[in-house]
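A.B. asks: One-letter residues, chain by chain:
There are 2 protein chains.
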Amino acid sequence: MSTKDFLVRAARKEPVDRVPVWIMRQAGRYMKEYMAIRKNYEFMTLCRTPELAAEISMQPIDVIGMDAGIIFSDILVPVEAMGIKVTFEKDHGPKLHNPITNYDDVVALKIPEPDVDMPFVAESIKLFREKLDDKLPVLGFSGAPWTLAAYMIEGGGSRNYTKIKSLMFNDKKTFDLLMEKTTETVVKHLYAQIKAGTSMVQIFDTWAGCLAYDDYVKYAFPYEKEVITRLKKLTDVPVTLYINGCGNILEKMVETQADVLSIDWMVDLKDAKNRVGKKVALQGNMDPCCLYGSPESVKQKTLETLNKFGKETGYIFNLGHGILPDIPVENVKVMVDTVKNF
Amino acid sequence: MSTKDFLVRAARKEPVDRVPVWIMRQAGRYMKEYMAIRKNYEFMTLCRTPELAAEISMQPIDVIGMDAGIIFSDILVPVEAMGIKVTFEKDHGPKLHNPITNYDDVVALKIPEPDVDMPFVAESIKLFREKLDDKLPVLGFSGAPWTLAAYMIEGGGSRNYTKIKSLMFNDKKTFDLLMEKTTETVVKHLYAQIKAGTSMVQIFDTWAGCLAYDDYVKYAFPYEKEVITRLKKLTDVPVTLYINGCGNILEKMVETQADVLSIDWMVDLKDAKNRVGKKVALQGNMDPCCLYGSPESVKQKTLETLNKFGKETGYIFNLGHGILPDIPVENVKVMVDTVKNF
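If you read the protein sequences in the order shown, they are chains Y and G.
Numbering-wise (the working numbering), the first sequence opens with residue 687 and increments by one.
Numbering-wise (the working numbering), the second sequence opens with residue 687 and increments by one.
Looking at chain Y on its own, in the form it has when it is part of the complex:
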């Protein structure tokens, strides 16, 4: 069995030779090779330039040796294509310069055609696939409709998500149209990546874990499910759904028909497996902060995580959230090697 098959086979709960491993944000700031490129370009320029995006995507594969590549991009790429200016300020994360404030703002949003409005995404994937020489699978990704809508209304990172929640509770007409447009955009964006040759895609509804259970069911879940349902009619590549703070909604997430649930580190993996592991594959979920420990403690935490799931298929090793900027690369290598030797 080629290593290339591990990821997709695990996602489909088919037999695999070993647990596959990759890391959310594996191409990024914790690597000196990335920082060397980053210092010369704006963040969004990296996302928009296929040669650079493909080169950055290769870095963790070359240096650390993950089992899958994820295309270097950002969940706000389609948001920008919808007509909202995005920049990344040092130490302050993304800034959306013309956030949504009313119904007319939503009416004015464009539903981007990926080939025309974000052609660099597919081009980056094709270039990355060439560099990988078909030895490893490539993952595509998108923000989920609710999380993208939240960014578009909050205007950037948020502590309490007060603006999106106020809109949800007060202005159904605006919220509904915004969700319709983000949903359409996400489907097109993901399908364009699949057509460019990704073996899997992951949907990040990263912020949906801040919703009360009933509000998740009403305001985020239906759009996750619609995206996945529509993709399943177009393609058979497996779809992963990630939510940070998923412990209260795991069973509901299964109903989206996602093939894989990518779970945060606060959930106990063994518990998650007992709750939903018969129905879906699981991905995760070591606390990224474990990588601040000694190499020995990293190895131990990695083994503890692996042992919680056990040696069945239907499991993809990952962190419970994106890797953090100041984590030592040698610890990441210890983690990845520990998974490969399990």
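What the hints contain is simulated information worked out from the structure, not anything from laboratory work.
A portion of the hints provided could be inaccurate.
Identical chains share a label here; the pair holds if one copy fits it or two copies do between them.
Taking lysine to any residue and the SDA-like style, the derived pairs with C-alpha atoms no more than 25 Å apart in a straight line are [what the hints assert, rightly or not]:
1. Lys-718 x Lys-849
2. Lys-985 x Asp-862
3. Lys-817 x Arg-724
4. Lys-904 x Lys-994
5. Lys-817 x Pro-785
6. Lys-718 x Ser-852
7. Lys-812 x Glu-741
8. Lys-959 x Asp-900
9. Lys-994 x Gly-714
10. Lys-919 x Lys-965
11. Lys-781 x Gly-842
12. Lys-997 x Ile-750
13. Lys-1019 x Asp-857
14. Lys-812 x Asn-960
15. Lys-956 x Asn-930
16. Lys-985 x Tyr-899
17. Lys-781 x Pro-1011
18. Lys-997 x Tyr-899
19. Lys-812 x Pro-981
20. Lys-904 x Arg-961
21. Lys-965 x Tyr-899
22. Lys-918 x Ser-885
23. Lys-781 x Lys-965
24. Lys-938 x Arg-961
25. Lys-965 x Pro-908
26. Lys-812 x Asp-922
All figures in this text were calculated on a predicted structure; none of them were measured in a lab.
Here the structure of chain Y is known, so what remains is to put chain G in place on it, guided by the hints.
C.D. replies: Chain G alone, transformed into the frame defined by chain Y:
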């Protein structure tokens, strides 16, 4: 049955005439009466001045009519008494000016004697009780050992809690001594409040929800349990434990022997009741952001929350987190009145 009894009786799962209601951070920035005082004083000065603290504590009782008063203070009051300078910067939350960086810093920390080092806390409670004329119960509170330790190491608010987690994973000696000292401080601080006449106390391990399950069990839970165990030997006032992000650890929290678990809004209250409601009382858990809706939607969300628990005892209505600064007071009144009429 006097209204004064509702809260403690509900906490003990004894019969009550109706569901009691109070709100975390009920005295604070969303009230114009508070802002009128706040503009003349530093935040910590308000905490340290019994006349002001008692006056502020009364404001929500007078204007909105909660069933309990909570003394106006801050979870960082004992941290300051331990020797760390705390200030509150506008829009940036607390700033700890000499955070813990090594073992010697922890050795230098004082274990404060409440009567000597924080006498204003007990004095505020006594003054507040006089103002209440024994008609309503007074709640005392403290940060839990882990959350206080996290503040002391992070130096303020934190996104990923990388410093406290690094310490936990790398420097057991320093972490253990810090937890020993914060635990001792919390016990003394809470017992001093109880001796001053509080009817209940609440322990805020607000940030402990950021821990992986195993890490919660190892690094936060034992100190919560120790505080509660030691208090139970000294007094029979009920103890409430609050953690933001408690959905994955509810059953474990029961083992602390807390009388009441105060749960965040992401957990479904009905589900929480099914999981632990036979063993402990529950408090919570409406999303504070619901209060941004229309008065009608506030009433509806309040009723939905009430109906999830039903009309048994063992339930205290509250929000799932502290009330936010820009929430309309009239909506808070709608919520409180809806509970009272349930």
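A.B. asks: Determine for every hint whether it applies to the structure shown.
C.D. replies: Hint-by-hint comparison with the structure:
In this assembly of identical chains, the alpha carbons of Lys-718 and Lys-849 lie at most 25 Å apart only when taken from different copies (22 Å versus 37 Å within one copy). With identical chains, the CA atoms of Lys-985 and Asp-862 are at most 25 Å apart between copies only, with a shortest distance of 23 Å across copies and 46 Å within one. Taking the shortest Cα distances, Lys-817 and Arg-724 sit within 25 Å of each other inside one copy (20 Å), while across copies they are farther apart (61 Å). Taking identical chains as interchangeable, the C-alpha atoms of Lys-904 and Lys-994 lie at most 25 Å apart only when they sit on different chains, with a minimum of 17 Å there against 32 Å within one chain.
Proximity of Lys-817 and Pro-785 under a CA criterion of 25 Å is satisfied in neither setting, with 37 Å inside one chain copy and 47 Å between copies. With identical chains, the CA atoms of Lys-718 and Ser-852 are at most 25 Å apart between copies only, with a shortest distance of 21 Å across copies and 41 Å within one. Taking identical chains as interchangeable, the C-alpha atoms of Lys-812 and Glu-741 lie at most 25 Å apart only when both belong to the same chain, with a minimum of 12 Å there against 67 Å between chains. Taking the shortest alpha-carbon separations for Lys-959 and Asp-900, both the intra-copy value of 23 Å and the inter-copy value of 16 Å come in at or below 25 Å.
In this assembly of identical chains, Lys-994 and Gly-714 lie within 25 Å of each other by CA distance neither inside one copy nor across copies; the values are 28 Å within and 44 Å between. Taking identical chains as interchangeable, the C-alpha atoms of Lys-919 and Lys-965 lie at most 25 Å apart only when both belong to the same chain, with a minimum of 20 Å there against 47 Å between chains. Within a single copy, Lys-781 and Gly-842 get their C-alpha atoms as close as 5 Å, and across copies as close as 23 Å, so both meet the 25 Å cut-off. In the homo-oligomer, the alpha carbons of Lys-997 and Ile-750 lie at most 25 Å apart inside one protomer (23 Å), although the nearest pairing across protomers, at 57 Å, exceeds that limit.
Taking the shortest Cα distances, Lys-1019 and Asp-857 sit within 25 Å of each other only across copies (22 Å), while inside one copy they are farther apart (48 Å). Taking the shortest Cα distances, Lys-812 and Asn-960 never come within 25 Å of each other, neither inside one copy (38 Å) nor across copies (51 Å). Taking identical chains as interchangeable, the C-alpha atoms of Lys-956 and Asn-930 lie at most 25 Å apart whether they share a chain (17 Å) or sit on different chains (22 Å). When the C-alpha separation of Lys-985 and Tyr-899 is checked against a cutoff of 25 Å, the pair qualifies only between copies, where the shortest distance is 18 Å, while the shortest distance within a copy is 35 Å.
In this assembly of identical chains, Lys-781 and Pro-1011 lie within 25 Å of each other by CA distance both inside one copy and across copies; the values are 19 Å within and 23 Å between. Proximity of Lys-997 to Tyr-899 under the C-alpha cut-off of 25 Å is restricted to the inter-copy arrangement: shortest distance 21 Å between copies versus 32 Å within a copy. In this assembly of identical chains, the alpha carbons of Lys-812 and Pro-981 never lie at most 25 Å apart, being 36 Å within a copy and 53 Å across copies at closest. For the identical chains of this complex, Lys-904 and Arg-961 are neighbours both inside a copy (22 Å) and across copies (23 Å), given an alpha-carbon limit of 25 Å.
In this homomeric assembly, Lys-965 and Tyr-899 come within 25 Å of each other (Cα to Cα) both inside a single copy, at 21 Å, and across copies, at 23 Å. Taking the closest pair of Cα atoms, Lys-918 and Ser-885 come within 25 Å of each other only inside a single copy of the chain (14 Å); across copies the shortest separation is 57 Å, beyond that limit. In this assembly of identical chains, the alpha carbons of Lys-781 and Lys-965 never lie at most 25 Å apart, being 38 Å within a copy and 46 Å across copies at closest. When the C-alpha separation of Lys-938 and Arg-961 is checked against a cutoff of 25 Å, the pair qualifies both within a copy, at 11 Å, and between copies, at 17 Å.
Taking the shortest Cα distances, Lys-965 and Pro-908 sit within 25 Å of each other inside one copy (19 Å), while across copies they are farther apart (35 Å). Taking the shortest Cα distances, Lys-812 and Asp-922 sit within 25 Å of each other inside one copy (19 Å), while across copies they are farther apart (68 Å).
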